[in-house]
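Here the protein sequences come in this chain order: A and B. Numbering of the first sequence is given in the numbering used here, commencing with residue 1 and proceeding in unit increments. Numbering of the second sequence is given in the numbering used here, commencing with residue 1 and proceeding in unit increments.
Accuracy of the hints is not assured; some may be wrong.
Stretch by stretch, here's where chain A covers chain B in the computed footprint (C-beta under 8 Å, at least three residues) [what the hints assert, rightly or not]:
| no. | region |
| --- | --- |
| 1 | 4–15 |
| 2 | 27–38 |
| 3 | 50–61 |
| 4 | 250–260 |
The set of hints was computed from the structure by calculation and includes no laboratory data. No experiment lies behind these values; they were computed from the predicted model shown. Note that beta-carbon positions come from the ideal geometry of N, C-alpha and C, so glycine has one too.
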Amino acid sequence: MTDECEVTITVNGRNRRSRVEPRRLLVDYLRHDLGLTGTHIGCEQGVCGACTVLLDGRTARSCLHFAVAVDGSDIRTVEDLASLDDLHPIQEMFHQKHALQCGFCTPGFLLTTVELLESTPDPDEAAIREALMNNVCRCTGYANIVDAVTEAAVELRRGRQP
Amino acid sequence: MKPAPFSFVAPETLDEVVEALAAHGEDARILAGGQSLVPLMNLRLARPEVLVSINRCGELDYIRLSDDRLVVGALVRQIDAETSPLVQAECPLLAKGLRHVGLPATRNRGTVCGSLAHCDPLAELPAVALALEADLVLTSAAGERRVEAHDFFVADMTTCIEPGEIVSAVAFERQDPSERSALLEVSNGGSVFPVGGVALRWASAGGTCTLARIAAFGVGSVAQRLVDAEDALVGTDLGPTAIAAAVAAARNAVNPTGDMHADADYRRHLVGVLIERGLLEGEGP
């Protein structure tokens with residue numbers, strides 16, 4: 001039974017059917033089987049949040065899930081946010097507010113921000129900081145990330161379409 | 001690192017789950033949210049040969065009232081219990097404790113029963129279960145047994161779960177609306193893991209304390225109910241003398257160890273500070 005299993009997972013709106021070993025982590029399935037390398041692997045033990053994706057609409061560590069165990073689920077990754085020449089308002093604010101330096105952690109921060117602003121369109125700073133507990137950034141010191149999320153919330157409330 | 005190879009089964013009913021557990025015995029582990037188990041597997045500190053996922057068992061995803069109990073099924077995610085109006089009304093201490101568990105992303109997936117079964121000495125929920133005098137429902141192919149929280153938690157990462165058993169539900173004592181409760185903890189620099197903490201429930205009638213339940217975590221190898229501290233409060237006016245007696249009893253009862261985050265004396269001191277703060281400042285965050 002360590003043999004490969006067939007899974008069907010909706011990734012960024014597309015039904016993807018694959019055969020995977022049970023021990024295949026969701027993050028490796030996304031990166032290696034589907035070629036979606038926007039989701040980054042950091043610590044592989046659930047601490048850093050670089051691998052954060054939306055699993056059935058909620059943030060989840062993709063390094064702490066097996067692809068077989070999320071068979072039938074709906075996954076959104078950073079690739080779903082924007083096309084190459086048209087950034088999502090959250091991405092645009094991260095750009096404008098210098099909310100990244102090396103950028104390694106950024107995909108995870110973006111998806112945490114999507115979850116926050118979908119449920120709480122007008123978060124105060126405490127709510128933003130609590131949501132951002134999901135993710136570790138070693139470069140920015142977080143101040144610019146909080147600014148970017150605040151401004152992204154304003155943009156989205158103004159009706160800017162993602 | 002990547003996990004060692006394993007086999008995977010995902011039954012759709014509790015009967016099939018316990019059948020699979022019976023077939024594989026000690027080689028099997030249950031996968032619920034996986035937020036504690038999968039890190040251990042990635043580090044190869046855990047190498048189960050078979051994972052029995054309960055994520056397809058819709059029948060285990062329920063929160064309901066049963067007499068004087070609030071019963072939470074094995075597949076209830078922490079976030080869903082935390083935000084459940086039923087939990088907030090009937091067991092506010094559980095909702096308060098859940099707010100401190102892990103991170104938002106791990107609460108989205110981790111389960112209430114899974115955290116109890118994992119039995120991390122720094123986890124909040126075992127202390128909440130002790131303070132709410134919970135019963136753990138252990139189901140196996142042979143049937144079902146109920147174990148009081150007091151007997152369930154044995155030591156660091158060790159419970160009385162036998163091979164072939166699953167924690168299929170946990171039944172918490174419902175809190176009276178007149179009760180107050182608080183969960184307080186201290187952690188270093190916003191770390192997910194606290195240094196230590198306490199879960200408190202208390203009630204008064206006519207100026208006299210009629211109920212006190214106190215449990216602590218992070219101050220021993222496993223969460224601990226502090227009965228002497230409770231006894232120091234019941235029947236008193238909850239004034240400074242009574243609180244001082246409870247604080248002294250609590251510090252006397254715990255047996256913390258030191259580590260890089262805090263030494264043993266700090267933790268012993270902390271448990272008293274948090275009890276006093278909870279009783280004086282009330283509901284807490």
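(request) Check each numbered hint from earlier against the structure, then list the numbers of those it violates in ascending order. (result) Of the numbered hints given earlier, the structure breaks just one, which is hint 4.
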